[in-house]
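Colleague: Now for the letters of each chain:
Number of protein chains: 2
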Amino acid sequence: MSLATEMKSLASAAKAAARTMAGLSTNIKNELLCNMADALVAAAPELQEANKKDLAAGRERGLAPAMLDRLALDDKRIAAMADGLREVATLPDPVGEMSAQWRRPNGLQVGRMRIPLGVIGIVYESRPNVTADAAGLCLKSGNAVILRGGSEAIHSNLAIGAILKKELQRLDIPEAALQVVETTERAAILELLKLEEEIDLIIPRGGEGLIRFVVENSRIPVIKHYKGVCHVFVDASADEEMAERISLNAKVQRPGVCNAMETLLVHEDIAKSFVPRIAAAMQTKGVELRGCPECCALVSGMTAAKEEDWPEEYLDLRLAIKVVADLDAAVAHIDRFGSLHTETIVTSSYANSQRFMQLVNSSVVMVNASTRFSDGNQLGLGAEIGISTTKLHSFGPMGLEDLTTRKFVVFGEGQIRE
Amino acid sequence: MSLATEMKSLASAAKAAARTMAGLSTNIKNELLCNMADALVAAAPELQEANKKDLAAGRERGLAPAMLDRLALDDKRIAAMADGLREVATLPDPVGEMSAQWRRPNGLQVGRMRIPLGVIGIVYESRPNVTADAAGLCLKSGNAVILRGGSEAIHSNLAIGAILKKELQRLDIPEAALQVVETTERAAILELLKLEEEIDLIIPRGGEGLIRFVVENSRIPVIKHYKGVCHVFVDASADEEMAERISLNAKVQRPGVCNAMETLLVHEDIAKSFVPRIAAAMQTKGVELRGCPECCALVSGMTAAKEEDWPEEYLDLRLAIKVVADLDAAVAHIDRFGSLHTETIVTSSYANSQRFMQLVNSSVVMVNASTRFSDGNQLGLGAEIGISTTKLHSFGPMGLEDLTTRKFVVFGEGQIRE
Chain A
1010 MSLATEMKSL ASAAKAAART MAGLSTNIKN ELLCNMADAL VAAAPELQEA NKKDLAAGRE
1070 RGLAPAMLDR LALDDKRIAA MADGLREVAT LPDPVGEMSA QWRRPNGLQV GRMRIPLGVI
1130 GIVYESRPNV TADAAGLCLK SGNAVILRGG SEAIHSNLAI GAILKKELQR LDIPEAALQV
1190 VETTERAAIL ELLKLEEEID LIIPRGGEGL IRFVVENSRI PVIKHYKGVC HVFVDASADE
1250 EMAERISLNA KVQRPGVCNA METLLVHEDI AKSFVPRIAA AMQTKGVELR GCPECCALVS
1310 GMTAAKEEDW PEEYLDLRLA IKVVADLDAA VAHIDRFGSL HTETIVTSSY ANSQRFMQLV
1370 NSSVVMVNAS TRFSDGNQLG LGAEIGISTT KLHSFGPMGL EDLTTRKFVV FGEGQIRE
Chain B
1010 MSLATEMKSL ASAAKAAART MAGLSTNIKN ELLCNMADAL VAAAPELQEA NKKDLAAGRE
1070 RGLAPAMLDR LALDDKRIAA MADGLREVAT LPDPVGEMSA QWRRPNGLQV GRMRIPLGVI
1130 GIVYESRPNV TADAAGLCLK SGNAVILRGG SEAIHSNLAI GAILKKELQR LDIPEAALQV
1190 VETTERAAIL ELLKLEEEID LIIPRGGEGL IRFVVENSRI PVIKHYKGVC HVFVDASADE
1250 EMAERISLNA KVQRPGVCNA METLLVHEDI AKSFVPRIAA AMQTKGVELR GCPECCALVS
1310 GMTAAKEEDW PEEYLDLRLA IKVVADLDAA VAHIDRFGSL HTETIVTSSY ANSQRFMQLV
1370 NSSVVMVNAS TRFSDGNQLG LGAEIGISTT KLHSFGPMGL EDLTTRKFVV FGEGQIRE
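Protein chains in written order, with my numbering: chain A, 1010 to 1427; chain B, 1010 to 1427.
I should point out that these hints are in silico values taken from the structure, not numbers from a laboratory.
Just so it is clear, the structure is predicted and the values come from calculations on it, not from any experiment.
Positions of the beta carbon are idealized from the N, C-alpha and C atoms, including for glycine.
A couple of the hints might just be wrong.
Label pairs and their calculated CB-CB ranges [what the hints assert, rightly or not]: (1) THR1035(B) x ASP1181(A): 47 to 55 Å; (2) ALA1066(A) x PRO1101(B): 41 to 49 Å; (3) GLU1015(B) x ALA1089(A): 52 to 60 Å; (4) ALA1338(A) x VAL1266(B): 47 to 55 Å.
Sequences are here, hints too, so could you generate the full structure?
Modeller: What follows is the structure, given as structure tokens:
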């Protein structure tokens, strides 16, 4: 069977299974997820056997220790996958929700009902826990899911998939509702991305390279974010202690993730006191600073920022810092160099908080809070399938609801159009 | 200036103007739309002068009389364009709406605020009124708009655009918020479709050929529908008089549009009495029937349907008709041949109405009402920018809200992540 035929038949089976998934009750879906959680824990030895193969192959290919660590499935991580599934089981089911209903002058009752998207394809790299996490969210929202992980985790992903599929079978749900692509050829992704008749949405998770590859080759709608160049703007009226606390947290609490701050903008009226203060605090935490000329004049020994620093996603203990004339200049900087991910203003001015909220149209805009809260769990969505920095369908962290759409429902008594 | 440079500079100007548009108050936007309406009526002679050039060119190119009629801008049509703008001015402004707000355990107040998409590109054919209609909806929802109509209406479209732009100028709104592409080269569309950094959404309106061309060449998200193969299913328990009324209305009230019925499905328990009845009624209205073998056995002289008839969008006084074993068979037929547009069940059974609603995941699902109500105005959206039969972002008729997205807003008091 050619790769194209193989992917087509896999996707067609998913589409057929999606019809069953859409009709499942919330109770059955929750039971399924809890059973899956128990099964993962019970199968820990089996999972770790498979995982060893991936780790051995990774060592052979010379993967960095950090990468090997991300790949490893110890008991704690298996327990975390199981807990994740149980947590999704406790979340409200978006399917069937009637989000609005109204009556037309002719008596027609019109409403909008939430339904699953259908078939969701997840293309991801590295961490095998994504296999269970993404499956849980897609299934709970009534979708079928096709999982295509990276070759470095193929044995682990297939083992997780096999355990989860057994639980579908036990509840008489078509197994094709959850499929892990077996081949590690990259061409398989290309074939999947052509199947617009069968697959409703593609979510790539991984590095910018993978995401661009998916976007450029997909005929199916893609929800993605390329990078997070998040800003904190310290307004003239900011409480300096609060500004320091938020800036430090946004930069150093976990620098390698997309909602960490990459550039700090400081109002010129507060720069003389705040820039030296935050520079000292950052340096204590081992953060390397790249400053604009004004900053360099205020702090001796600061590296001068280059033009390339402003749009850069460091994902590291490095921070670009710039003095701006006012709120509008901060907004203009964000507009030019930002990634529509997350921006925060630290201010005690009501007017400026309102103005920043109004003018900044990133997916998450904050007042007096750390950018690190830009996350589905932290914002209260319960769980996160990804984050979107393009505006269509979803914008910002995505939870269960983002894996659904709404159909119009119309109840009549024989009305016709005149 | 090359075409690529020209389109890029036009789109960049639109992006800059979108920033101003996003901040305009509802009052100013409404004033703008009403001024535009008055200006169109006042400029009727000028518009008709331009329209004459298109009509003359059309006649020269041998356009069919129906096409020439669609192109013509008489006083009535100009008044209708103006009324359309005034009506959009009366609709609620979706921008700024806080659709949900909740408090997190740490005190963070999280909400989702509706914001404009940014820059919307409309690629359309023929009718020049789309220029004013689409501009009104895009501007009211706080977006900038790039309009690219067909070459056959270029003089009319440019004249309408010029009049509308003057009204932007009079209210000190950047003119680039509304731009009509001047060149009629098709390559201009290709250049626009590449500009994913500047344009947020493309809506193609026209024939299937145009839509497929846009989808295949766009790097920007596209919202579209290819065709409407709408079904009416007459259940065993249907009131036959109601079923006849709805079927006739769905087929003949305006057969050339996407929400007209193309296939009638009849439950076998009611077929013996209903198929001859509806066949006679349809034939009286001049509808040509293509039936399954069971139908042909019930009505003498009915043409036998071929396999190609079931997925066909006739857009004409022609109807495919099929007897099905039960509701599930009807759903399976819709699933296989439908276009996710609009389907109706005629029934007096509560259980079957619920089951049909549950199993059919088209964008509009109806009970006891004509498919012809599947339209933004008829369903109460106020005005319609198009209809989507793909599930991402919008599904079904699209109003002002579909031209917006939601950002997360977070109000804190200095919270950091532990």
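Colleague: At the C-beta level, are THR1035(B) and ASP1181(A) separated by a distance inside 47 to 55 Å?
Modeller: Holds: the Cβ-Cβ distance is about 53 Å, inside 47 to 55 Å.
Colleague: May I ask you to test the hint 47 to 55 Å on the CB atoms belonging to ALA1338(A) and VAL1266(B)?
Modeller: 51 Å Cβ-Cβ, so the 47 to 55 Å window holds.
Colleague: Against the range 52 to 60 Å, how does the distance between the Cβ atoms of GLU1015(B) and ALA1089(A) compare: consistent or not?
Modeller: Holds, since GLU1015(B) and ALA1089(A) (Cβ atoms, about 54 Å apart) stay within the stated range.
Colleague: Should the hint that ALA1066(A) and PRO1101(B) are 41 to 49 Å apart at their CB atoms be regarded as holding?
Modeller: Violated, at about 58 Å.
Checked against the numbered hints given earlier, the structure breaks only hint 2 and satisfies all the rest.
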